[in-house]
Every structure is written in C-alpha cells, then in structure tokens.
Amino acid sequence: MPSISGNKKRLVVERGKKDSYSFWFFLSSSIFITCLITSNVIAVKLVDFFGIILPAAIIIFPISYIFGDILTEVYGYSSARKVIWLGFLCNLIFVLFCHVAKILPPASFWNGQEAYETILGFTPRLLFASFVGYLFGEFSNSFVLAKLKIKTKGRFLWMRTIGSTIVGQGIDSALFITLAFYGTIPQTALFFTIINQWLTKTIYEALFTPFTYAVTNFLKRKEGLDVFDYETKFNPLLIGQ
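Each residue of the sequence shown is one higher than the one before, starting from 183 at the first, in the working numbering.
Be careful, since some hints might not be right.
Result set (SDA-like, lysine to any residue): computed pairs, CA atoms no more than 20 Å apart in a straight line [said to hold, decoys possible]:
{"hint": "1", "residue 1": "Lys264", "residue 2": "Ile376"}
{"hint": "2", "residue 1": "Lys402", "residue 2": "Phe390"}
{"hint": "3", "residue 1": "Lys402", "residue 2": "Trp206"}
{"hint": "4", "residue 1": "Lys227", "residue 2": "Ala297"}
{"hint": "5", "residue 1": "Lys227", "residue 2": "Tyr298"}
In short, the hints are calculated from the structure, not lab data.
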C-alpha cells in the first residue's frame with residue numbers, strides 16, 4: 183500500500199517481498215521494448231534530415247528513452263532496471279532467431295534471401311556495439327534521473343528528463359558509434375556522427391517534454407504512487423531487487 187513519508191506530500195511505494203505489477207506498468211514496459219526492437223530493424227535505412235544523415239531509427243529509438251524516464255519517474259529505478267534487462271533479453275532473442283532464419287536454406291523459388299540479409303543480417307560488431315550502447319546508456323539515464331529526483335525533491339521534471347537524456351544518450355551514442363565504426367570511417371566523421379546523433383536525440387526528448395509530463399502525471403494518478411529511490415541499491419546487476 184502507498185504511504186505518505188514525513189512532511190513530503192508524495193506517495194512512496196512500500197513493496198513487499200512479492201512485487202505485483204499493474205496493466206499500466208506492463209503497457210509502459212511493452213512500449214519501451216517494442217520501440218527498442220523496432221529501432222534495430224529500421225536502423226539499417228539511412229535518411230537525410232535537412233542535410234544531416236541519420237539512421238531511420240532516430241524516429242523511434244528516443245521514445246524508448248522517454249518511456250525509460252517514465253518508468254523510473256513513476257515506478258523507481260528498481261522496476262526500471264528489470265525492464266531494461268527484459269528489453270535486452272527480448273532484443274537478444276529477436277536477433278538470435280533472425281540469424282537462425284538467415285542461415286536456414288531458402289526455398290528454391292524464393293528470391294528474397296539477399297534482401298533479408300540486408301535488413302536483418304546483423305553483423306556481430308554492430309550487435310555488440312548496439313547492446314553495449316543500450317545497456318550503458320539506459321542504466322546511466324535511469325540512474326541520473328532517479329538521483330536528480332531525490333536531489334530536487336521531485337520538482338523540475340523537465341530538467342531531470344532532459345538532463346538524464348543528455349547523459350544517457352551521450353554515452354549510448356559515443357559507445358555505439360565508436361564500437362561500430364571506429365577504423366572504418368575518418369575520426370573527424372566519427373566525432374561529428376556522435377555529436378549529430380546525441381544532439382538530435384536530446385532535442386527529440388526535449389520536444390516531447392509535454393508528452394512525458396502528461397503520461398507521468400496520468401500514471402501517478404492511476405497507480406497512486408510516486409517512487410523516490412532513497413534506499414535503492416543502484417547496482418544494475420541486482421535484477422531481483
């Protein structure tokens with residue numbers, strides 16, 4: 183049951199040994215994971231945004247960060263940590279079976295093998311870069327947001343979501359671009375690619391701030407909770423806590 187702590191007129195969850203999750207938590211988690219997996223598929227297409235070349239995933243991947251913020255803000259770091267790892271597992275299953283399907287012998291009349299490999303034939307280097315960037319970026323984003331929430335006593339949500347995105351997306355972009363493309367493109371191009379992705383994703387998040395406010399306020403009312411991570415252990419490996 184939620185309880186009011188001290189003079190803070192905010193609801194803090196008191197979880198028992200057995201967690202129970204609502205429809206709204208599952209819905210938010212599902213959107214987070216769907217955006218993550220979709221971004222992997224459409225990232226192979228490069229698009230031209232006013233002269234800036236970016237992967238098509240730029241239109242959806244930042245939404246996973248937005249819902250990562252929402253999960254941390256409403257349900258706390260511990261719950262967000264579970265969803266981040268669940269997203270990692272679902273993504274791993276997806277790419278594993280994409281690979282299995284790729285190596286299965288195609289039917290003699292099917293002429294789509296080359297197209298399939300172009301879209302879903304993930305290279306080991308790109309996969310490694312994607313997974314590393316995702317984990318470090320998402321956990322950094324969630325950690326910064328949770329700590330800033332305590333520091334600001336739950337005020338200035340806009341500052342906390344944008345601030346955590348600057349850190350999380352910066353780490354994600356730097357790790358992914360460096361691990362995926364270092365040695366294959368000039369270092370100057372590598373640097374500007376990181377900056378372009380980082381700025382674009384951060385601006386995206388900032389523009390969606392009214393949406394983030396609306397969803398978090400809705401969920402807090404529906405769920406009757408607003409978790410502050412005062413006693414939380416922030417080790418990303420403590421999945422069961």
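Now for the hints, and whether the structure bears them out:
1. Lys264 to Ile376: Not OK: lysine 264 and isoleucine 376 at ~28 Å, beyond 20 Å, violated.
2. Lys402 to Phe390: Measuring from Cα to Cα gives roughly 18 Å; hence the hint holds.
3. Lys402 to Trp206: 10 Å, holds
4. Lys227 to Ala297: Answer holds: lysine 227 to alanine 297 is near 13 Å, not above 20 Å.
5. Lys227 to Tyr298: 13 Å, holds
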